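Please construct the entire structure, taking both the sequences and the accompanying hints into account.
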Amino acid sequence: SQQGEEDPQALSIQEGENATMNCSYKTSINNLQWYRQNSGRGLVHLILIRSNEREKHSGRLRVTLDTSKKSSSLLITASRAADTASYFCAFSGGYNKLIFGAGTRLAVHP
Amino acid sequence: DVKVTQSSRYLVKRTGEKVFLECVQDMDHENMFWYRQDPGLGLRLIYFSYDVKMKEKGDIPEGYSVSREKKERFSLILESASTNQTSMYLCASHETSGNTDTQYFGPGTRLTVL
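If you read the sequences in order, they're chains A and B. According to our numbering, the stretch in the first sequence is residues 5 to 114, in order. According to our numbering, the stretch in the second sequence is residues 31 to 144, in order.
Everything labelled a hint here was simulated from the structure, so no lab data went into it. The reader is advised that the hints may include incorrect statements.
No more than 35 Å apart at the CA atoms, straight line, and that leaves these computed lysine-lysine pairs for DSBU-like [claimed, not checked]:
#1 A:Lys101 <-> B:Lys43
#2 B:Lys33 <-> B:Lys48
#3 B:Lys87 <-> A:Lys74
#4 B:Lys87 <-> B:Lys100
#5 A:Lys73 <-> A:Lys101
#6 B:Lys33 <-> B:Lys85
#7 A:Lys101 <-> B:Lys83
#8 A:Lys101 <-> A:Lys74
#9 B:Lys101 <-> A:Lys30
#10 B:Lys43 <-> A:Lys30
#11 A:Lys30 <-> B:Lys87
#12 B:Lys48 <-> A:Lys60
#13 B:Lys43 <-> B:Lys100
#14 B:Lys48 <-> B:Lys83
#15 A:Lys60 <-> B:Lys101
Keep in mind that this is a model prediction, so the values were computed, not measured.
So this is what it looks like as structure tokens:
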């Protein structure tokens with residue numbers, strides 16, 4: 005299957021802690037993206053990292069990409085209760101299609 | 031801001047009914063997608079369209095069809111709904127320009143087939 009794999013499947017932390025989620029894939033990619041989904045809602049694009057980039061920051065988000073290991077990680081620093089959501093990685097499947105991972109469910113407790 | 035709307039947030043239908051799920055985007059995007067999302071399985075692509083009247087099968091097209099008569103509207107059709115089509119359905123449109131390569135999602139339709 006081309007589907008990306010994410011781990012952990014679920015993560016539970018306290019407010020203020022950092023949250024790290026990992027994504028692995030099997031094909032060559034042009035870029036890798038991370039999306040967030042609040043419970044029962046649509047996905048929202050968070051950040052995109054291109055295959056020639058190794059690290060990218062956006063606010064409290066830090067994404068790394070290791071194309072030799074075909075893996076990426078998303079770090080959320082100083083987590084807040086409002087960060088509670090599911091997080092998905094996605095990578096190109098051709099025709100502007102995206103292949104999504106199964107997601108990591110993050111719970112941030114006050 | 032890009033806006034993608036879906037016709038219903040919640041829908042309950044009976045087995046054998048024909049079901050229409052509508053999706054509209056307001057940013058003149060050429061590419062549009064329909065996914066279904068089930069617990070533990072992530073998002074699975076049903077169909078996509080890269081232009082008006084064009085459609086391509088995704089990973090799980092069986093039991094579904096689509097229609098794209100206008101650029102802004104992409105419809106998913108369940109010809110004869112079955113209980114295994116109970117799921118969350120997500121529509122997305124895709125922007126590829128400059129440094130952007132992003133899918134914009136609608137709020138989703140939670141379909142229950144009884």
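Consistency of the hints with the structure:
1. A:Lys101 <-> B:Lys43: With Cα atoms ~29 Å apart, Lys101 of chain A and Lys43 of chain B stay inside 35 Å; holds.
2. B:Lys33 <-> B:Lys48: This hinted pair holds, its Cα atoms lying about 27 Å apart.
3. B:Lys87 <-> A:Lys74: 27 Å, holds
4. B:Lys87 <-> B:Lys100: Given that 35 Å is the threshold and the Cα spacing comes to 19 Å, the pair holds.
5. A:Lys73 <-> A:Lys101: Status holds; Cα separation ~22 Å.
6. B:Lys33 <-> B:Lys85: 22 Å, holds
7. A:Lys101 <-> B:Lys83: 18 Å, holds
8. A:Lys101 <-> A:Lys74: At roughly 19 Å apart (the allowed maximum being 35 Å), Lys74 of chain A and Lys101 of chain A satisfy the hint.
9. B:Lys101 <-> A:Lys30: 33 Å, holds
10. B:Lys43 <-> A:Lys30: 38 Å, violated
11. A:Lys30 <-> B:Lys87: 22 Å, holds
12. B:Lys48 <-> A:Lys60: Violated. Lys48 of chain B to Lys60 of chain A sits at ~46 Å, over the 35 Å cutoff.
13. B:Lys43 <-> B:Lys100: 26 Å, holds
14. B:Lys48 <-> B:Lys83: 21 Å, holds
15. A:Lys60 <-> B:Lys101: 34 Å, holds
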